[in-house]
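*Asks:* Sequences listed follow chains A and B, in order.
Just remember that the numbering used here sits 767 ahead of the position in the first sequence, which is counted from 1.
Just remember that the numbering used here sits 9 ahead of the position in the second sequence, which is counted from 1.
Keep in mind that a hint or two might mislead.
With a straight-line Cα cutoff of 25 Å, these simulated DMTMM-like cross-link-like pairs (lysine to aspartate or glutamate) come out [claimed, not checked]: (1) B:58 / A:839; (2) A:811 / B:103; (3) A:829 / A:785; (4) B:86 / A:823; (5) A:818 / A:839; (6) A:811 / A:853.
If you want a taste of the chain B side facing chain A, the calculated C-beta under 8 Å gives, among others [said to hold, decoys possible]: (7) 49; (8) 50; (9) 52; (10) 56; (11) 57; (12) 71; (13) 72; (14) 98; (15) 107; (16) 108; (17) 109; (18) 112; (19) 113.
Think of the hints as simulated: they come from the structure by calculation, not from any bench.
Glycine is no exception: its CB is placed at the ideal position from the N, C-alpha and C atoms.
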Amino acid sequence: NAGVMQNPRHLVRRRGQEARLRCSPMKGHSHVYWYRQLPEEGLKFMVYLQKENIIDESGMPKERFSAEFPKEGPSILRIQQVVRGDSAAYFCASSPPSPSGSAYNEQFFGPGTRLTVL
Amino acid sequence: GNSVTQMEGPVTLSEEAFLTINCTYTATGYPSLFWYVQYPGEGLQLLLKATKADDKGSNKGFEATYRKETTSFHLEKGSVQVSDSAVYFCALSDDNFNKFYFGSGTKLNVKP
Chain A
768 NAGVMQNPRH LVRRRGQEAR LRCSPMKGHS HVYWYRQLPE EGLKFMVYLQ KENIIDESGM
828 PKERFSAEFP KEGPSILRIQ QVVRGDSAAY FCASSPPSPS GSAYNEQFFG PGTRLTVL
Chain B
10 GNSVTQMEGP VTLSEEAFLT INCTYTATGY PSLFWYVQYP GEGLQLLLKA TKADDKGSNK
70 GFEATYRKET TSFHLEKGSV QVSDSAVYFC ALSDDNFNKF YFGSGTKLNV KP
């Protein structure tokens, strides 16, 4: 069973360009989470999605950032008109549907996409 | 609000030394607590967890006890190996387990 896949692993963009980060969850997982890790900092929650639904986007910047998890295909984190401050590692995690009667659901992390904005 | 504070690194130890990485938290409700490990170039891997007060999580010789009275979840290992060199993150999840809050990470270097 392949783990969470993210691509590209490294992405370089110039200021003003768009960045698209892709995440393929583990097989059978229907929940996807995106986190951002700035240099020398911990991961910060951005958004939680289920298939075709955004459940919690309280960590997403109000402008330029969007995320989707379509019925078919990977989850996409899109950053429009990138700025230098967007340079970071972006991690995706996935989890299966919560088992009946169980609250806890482990999140499995991908290797991350390292975005560099020139 | 929820937050996690962990000791700054890097921590440099000799092989077979005792390891402690401190972690304290602030939370509303009844969070669960976690330690994740990140090896170079890789994503985070769950190391251990504890879902309620006084629980002890353990894995691969690492241990951490959920102390509600001191709001702490310190990571310990009795004898570290070179292969333990990595960045360790303390984290808590909200009641719904949908959102994780991470500390800033502690880099551990173990020398032979």
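*Asks:* Compare the structure with each hint and give your call.
*Replies:* Going through the hints against the structure:
Pair hint residue 58 (chain B) plus residue 839 (chain A) does not hold up; C-alpha atoms about 32 Å apart against a cutoff of 25 Å. Between residue 811 (chain A) and residue 103 (chain B) the alpha-carbon distance is near 14 Å, which keeps this suggested pair within the 25 Å criterion. A threshold of 25 Å between alpha carbons decides the hint, and for residue 829 (chain A) with residue 785 (chain A) the separation of about 16 Å falls inside it, so the pair holds. Between residue 86 (chain B) and residue 823 (chain A) the alpha-carbon distance is near 36 Å, which puts this suggested pair outside the 25 Å criterion.
Only pairs whose Cα atoms come within 25 Å are accepted, and residue 818 (chain A) paired with residue 839 (chain A) is accepted, the gap being roughly 9 Å. A threshold of 25 Å between alpha carbons decides the hint, and for residue 811 (chain A) with residue 853 (chain A) the separation of about 13 Å falls inside it, so the pair holds. Because the closest C-beta pair between residue 49 (chain B) and chain A is about 11 Å apart, greater than 8 Å, the hint is violated. Taking 8 Å as the C-beta contact cut-off toward chain A, the hint placing residue 50 (chain B) at the interface holds, the least distance being around 7 Å.
Interface hint status for residue 52 (chain B): upheld, as the beta-carbon distance to the closest one in chain A is roughly 4 Å, under 8 Å. The criterion of a C-beta within 8 Å of any C-beta in chain A is not met by residue 56 (chain B), whose closest approach is roughly 12 Å, and the hint is violated. Taking 8 Å as the C-beta contact cut-off toward chain A, the hint placing residue 57 (chain B) at the interface is violated, the least distance being around 11 Å. Among the interface hints, the one on residue 71 (chain B) is violated; its C-beta lies about 17 Å from the nearest C-beta in chain A, farther than the 8 Å criterion.
Against a cut-off of 8 Å between C-beta atoms, the interface hint on residue 72 (chain B) is violated, since the closest Cβ of chain A lies about 19 Å away. Given the 8 Å rule on beta carbons, the hint for residue 98 (chain B) holds: about 6 Å separates it from the nearest Cβ of chain A. Given the 8 Å rule on beta carbons, the hint for residue 107 (chain B) holds: about 5 Å separates it from the nearest Cβ of chain A. Evaluation of the residue 108 (chain B) hint against chain A yields a held restraint, the C-beta minimum of about 5 Å falling below 8 Å.
Checking residue 109 (chain B) against chain A by beta carbon gives a least distance of about 6 Å; that is within 8 Å, so the hint holds. At about 5 Å, the closest approach between the beta carbon of residue 112 (chain B) and any beta carbon in chain A falls short of 8 Å, and the interface hint on this residue holds. Given the 8 Å rule on beta carbons, the hint for residue 113 (chain B) holds: about 5 Å separates it from the nearest Cβ of chain A.
In this structure, the hints that do not hold are numbers 1, 4, 7, 10, 11, 12 and 13, in rising order.
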